[in-house]
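Based on the provided sequences and hints, a complete structural model is requested.
2 protein chains.
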Amino acid sequence: MRAEIPAWVGELDEKDPVKDFRARFTLPPNVIYLDGNSLGAMPKATAPRLDEVIRREWGDGLIRSWNDHDWVSASRRVGDKIAALIGAREGEVVVADSTSVNLFKLLMAVVTARPGRKIILSEAGNFPTDLYVAQGVAALVPDLSLHAVAEKDLLEAITEDVAVLLLTHVHYKTGHKHDMARLTRRAHERGALTIWDLSHSVGAVEIDLGAADADLAIGCGYKYLNGGPGAPAFLYVAGRLQKELHSPIAGWFGHAEPFAFAGEYQPAPDINRFLSGTPPVLGLMALEVGVDLLAEAPRNLLFQKSRELCARFMEWTEPCREFGVELVTSRDSATRGSHVSLRHSDGYAIVQALIADGIIGDFRAPDIMRFGFAPLYLSFAEVWQAAEALRDVLATRKWDDPRFHKRARVT
Amino acid sequence: MRAEIPAWVGELDEKDPVKDFRARFTLPPNVIYLDGNSLGAMPKATAPRLDEVIRREWGDGLIRSWNDHDWVSASRRVGDKIAALIGAREGEVVVADSTSVNLFKLLMAVVTARPGRKIILSEAGNFPTDLYVAQGVAALVPDLSLHAVAEKDLLEAITEDVAVLLLTHVHYKTGHKHDMARLTRRAHERGALTIWDLSHSVGAVEIDLGAADADLAIGCGYKYLNGGPGAPAFLYVAGRLQKELHSPIAGWFGHAEPFAFAGEYQPAPDINRFLSGTPPVLGLMALEVGVDLLAEAPRNLLFQKSRELCARFMEWTEPCREFGVELVTSRDSATRGSHVSLRHSDGYAIVQALIADGIIGDFRAPDIMRFGFAPLYLSFAEVWQAAEALRDVLATRKWDDPRFHKRARVT
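Going line by line, the protein sequences match chains W and U. Sequence positions in the first sequence follow my numbering and run 1 to 411. Sequence positions in the second sequence follow my numbering and run 1001 to 1411.
Calculated directly from the structure, the hints in this document are not laboratory data. Don't take each hint at face value.
[What the hints assert, rightly or not] Straight line, CA to CA, 25 Å or less: simulated SDA-like cross-link-like pairs of lysine to any residue: (1) W:K243 x U:A1138; (2) W:K243 x U:A1139; (3) U:K1173 x W:A262; (4) U:K1081 x U:N1300; (5) U:K1081 x W:R409; (6) U:K1406 x W:G263; (7) W:K44 x U:D1068; (8) U:K1243 x W:Q135; (9) U:K1152 x U:A1124; (10) U:K1044 x W:A45; (11) W:K398 x U:G1061; (12) W:K118 x U:T1112; (13) W:K243 x W:R114; (14) W:K44 x W:R55; (15) U:K1044 x W:E52; (16) U:K1044 x U:E1296; (17) U:K1118 x U:P1142; (18) U:K1398 x W:R64; (19) U:K1044 x W:D60; (20) U:K1044 x W:D70; (21) U:K1044 x W:R55; (22) U:K1015 x U:E1206; (23) W:K173 x U:G1061; (24) W:K406 x U:A1260; (25) W:K173 x W:R364; (26) W:K173 x U:A1256; (27) U:K1173 x W:V72; (28) U:K1173 x W:A268; (29) U:K1118 x W:A113; (30) U:K1044 x W:R56; (31) W:K81 x W:A45.
What follows is the structure, encoded as structure tokens:
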């Protein structure tokens, strides 16, 4: 049972200038989906496009489709489309591998290009895979170490010993957004490079890598880009750095002439040198559908809606405070992404109780309830109903039910 | 115009004990597909399965499908199915990343575990990405070098300085198949480990990693496994080595508890430690369809058919010798895979002329025409017609036409 939507909330939706994009997605009935920051929803165009790729391009075209359907350029083509979304230039972004593998490639490229600098600097509590990959790189390179410091200590920690500052633009747990331009400036003053993980910001908040003079970035295809489960990831290397940096994984798609089948590796002169193996065609084509859809939307209006959805959710969940819920995410839209995190010691069970009612958020240990607001397909009415439902779960202690305490494998 | 099929060739098909599998694939009309060694054909079950994954599992299930449809175990589940095809045990194979990335992970794992040994030994003319990746690893690790020697010199070159012997089981160009057990035995006698690239053998010829006491292997999902363009690859690590070896790419899916979101990397105690990022769900599920289909087939009969298709093609192309065509692949089925390579100085144009007639093989520089024989979906009649067509192209010099000399981007 969902709360009835007041007229004034309905009006927010009527006035929403990007409301028509919702019809481009398939969302299950009776679900309010506040987890697009973890896995984006399915564009209606994806299934028919993949059917075409499978039956026509693969089934009928077979090997010929590498040329005839230009599979061979797809990593660059989709990369260029993503570039346009994040303030990068053509030829600075390529789709490849997973976020973890891309981070590994860029980190290794930087630390081997800056052998005199012995620190990878990151934030304590950064997304685990970022810290794990950095730990792995530090273990491979003599004398290199990872320093993960608190957010407030970051600026000071950028010293002349730092090879690279690795930060997630929007924090997966708290929703905090870093000041990319300021931190990049400081890094450059100290002679360090920056790697920005855009996984929790791309497609949800304004990103301008060019204006920030960002060096390197990686990002995820399956969150706000709606590329599908396990979609391939992307990486960005500023044009000015492409000649200097080398991928540690010298696969054939990174070769200057992959189909010459030469015996010696010769890296491509451009961003292609950061490709490694054969591109994942099915995943790439599904990702392209999501990216194309986002590219259609007026992004200033879209990001404005993100900010409003978050602000409304914060406002509408104010009454939850009396049940021990604490707001984690910043009230200042300049310093947050597009998800809102609330803290409660029984957060896991509360999130499960909401999910049982079709309101899907997620939980991050030890006590964070995350609610993501994907502006392309969410309505104000849904956000209002979700806030009401949360209050109801808390007020009735619905989460006391033991079935909501049973831990799933993936949370 | 295809040559008419003699009755005795038709009888070969009638007697073929695995002929019914052809009906499980969609092949385009008027095409004879001899490039399944490069990109396998499309199983009929793939498109409906992907539609289900996209619409039902992703679209309706959304984030819940990581648990409800067990996406989280798919890398292992499909890995175990592949293990059964290659003489590996449960828990020794996992699907992940691309072949290039998997090779990088295994090579780095070995050379960091065997720091006293300074040579990666491989075969000159091995598949380029294998040599490139090895060159990249050698560039990263002080004093490590890649030695690529001629096939005949391999046994002698396995010295006490060799950390790892990296070979492609069936050579992509010549079709030559190495004696896996013998080379592995010699490597072990010298204290070296082995990495077998199974890309051109898995699904087409008998492989028994267990019987050969093989250490490590990688392989491709989009050739004889029919997993679709850019399908994810797999890797094998013998159970006895899993505790000792560490992936250089310490991504979250390789963590002992990925969803604990702990700050410190703790590798999984099993093969999962060789996973890195989020698995490519769409590609994985498409690969599973191909693997399931192969698992249904009686493999001894399938591999027997492979050998016969190759032998017949060699026999039926004998008359091509008078036009300057030379047989590259071994006549001895014990030392070849499931493709046959012919050499001709105008091989590129000859292959294009055949493709224009719907007979799809491929070309590998500088002069190799490759014809692959996927036993699941090819008939003896097709192989006979292909041999006739090749003779016709040669006899009429159809390949003189300038349009067949124009180089495509992907060959």
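Here's how the hints hold up against the structure:
1. A hinted pair counts as satisfied when its Cα atoms are at most 25 Å apart, and W:K243 with U:A1138 qualifies at roughly 20 Å.
2. The straight-line distance between the Cα atoms of W:K243 and U:A1139 is roughly 17 Å, inside the 25 Å bound, and the hint therefore holds.
3. With a C-alpha separation of about 13 Å, the suggested pair U:K1173 and W:A262 falls inside the 25 Å cut-off, and the hint holds.
4. The straight-line distance between the Cα atoms of U:K1081 and U:N1300 is roughly 17 Å, inside the 25 Å bound, and the hint therefore holds.
5. Of the supplied pair hints, the one linking U:K1081 and W:R409 holds, its CA atoms being roughly 22 Å apart against a limit of 25 Å.
6. A C-alpha spacing of about 24 Å is found between U:K1406 and W:G263, which places the hinted pair at or below 25 Å, so the restraint holds.
7. Restraint check for W:K44 and U:D1068: satisfied, since their Cα atoms lie roughly 22 Å apart, inside the 25 Å limit.
8. Between the alpha carbons of U:K1243 and W:Q135 the distance comes to roughly 19 Å, so the proposed pair stays at or under 25 Å and holds.
9. Taking the CA atoms of U:K1152 and U:A1124, the gap is about 11 Å. The hint holds against a cut of 25 Å.
10. Pair hint U:K1044 plus W:A45 holds up; C-alpha atoms about 22 Å apart against a cutoff of 25 Å.
11. Restraint check for W:K398 and U:G1061: the C-alpha separation of about 23 Å stays at or below 25 Å, so the hint holds.
12. Taking the CA atoms of W:K118 and U:T1112, the gap is about 20 Å. The hint holds against a cut of 25 Å.
13. Annotation: proposed proximity of W:K243 to W:R114 holds, straight-line Cα distance about 14 Å (limit 25 Å).
14. For the given pair, W:K44 sits about 18 Å from W:R55 by alpha-carbon distance, which is consistent with the 25 Å threshold.
15. Of the pairs offered as hints, the one joining U:K1044 and W:E52 holds, with about 14 Å between alpha carbons and a cut-off of 25 Å not exceeded.
16. Between U:K1044 and U:E1296 the alpha-carbon distance is near 15 Å, which keeps this suggested pair within the 25 Å criterion.
17. Between the alpha carbons of U:K1118 and U:P1142 the distance comes to roughly 9 Å, so the proposed pair stays at or under 25 Å and holds.
18. A hinted pair counts as satisfied when its Cα atoms are at most 25 Å apart, and U:K1398 with W:R64 qualifies at roughly 20 Å.
19. Proposed proximity of U:K1044 and W:D60 is supported: the alpha carbons are some 12 Å apart, at most 25 Å.
20. For the hint linking U:K1044 to W:D70, the alpha-carbon distance of about 23 Å falls within 25 Å, and the restraint holds.
21. Annotation: proposed proximity of U:K1044 to W:R55 holds, straight-line Cα distance about 9 Å (limit 25 Å).
22. In summary, the hint linking U:K1015 to U:E1206 is supported, as the alpha carbons are separated by about 22 Å, within the 25 Å threshold.
23. Simply put, W:K173 and U:G1061 have alpha-carbon atoms about 23 Å apart, close enough for the 25 Å limit, and the pair holds.
24. Of the pairs offered as hints, the one joining W:K406 and U:A1260 holds, with about 15 Å between alpha carbons and a cut-off of 25 Å not exceeded.
25. Note on W:K173 and W:R364: the hinted pairing holds, with a Cα-Cα distance of about 7 Å set against a maximum of 25 Å.
26. Between the alpha carbons of W:K173 and U:A1256 the distance comes to roughly 21 Å, so the proposed pair stays at or under 25 Å and holds.
27. As the CA atoms of U:K1173 and W:V72 are separated by approximately 21 Å, the hinted pair is consistent with the 25 Å bound.
28. Between U:K1173 and W:A268 the CA atoms are separated by roughly 24 Å; this keeps the pair inside 25 Å, and the hint holds.
29. With a C-alpha separation of about 23 Å, the suggested pair U:K1118 and W:A113 falls inside the 25 Å cut-off, and the hint holds.
30. Note on U:K1044 and W:R56: the hinted pairing holds, with a Cα-Cα distance of about 12 Å set against a maximum of 25 Å.
31. Annotation: proposed proximity of W:K81 to W:A45 holds, straight-line Cα distance about 17 Å (limit 25 Å).
Of the hints listed earlier, there is not a single one the structure fails to meet.
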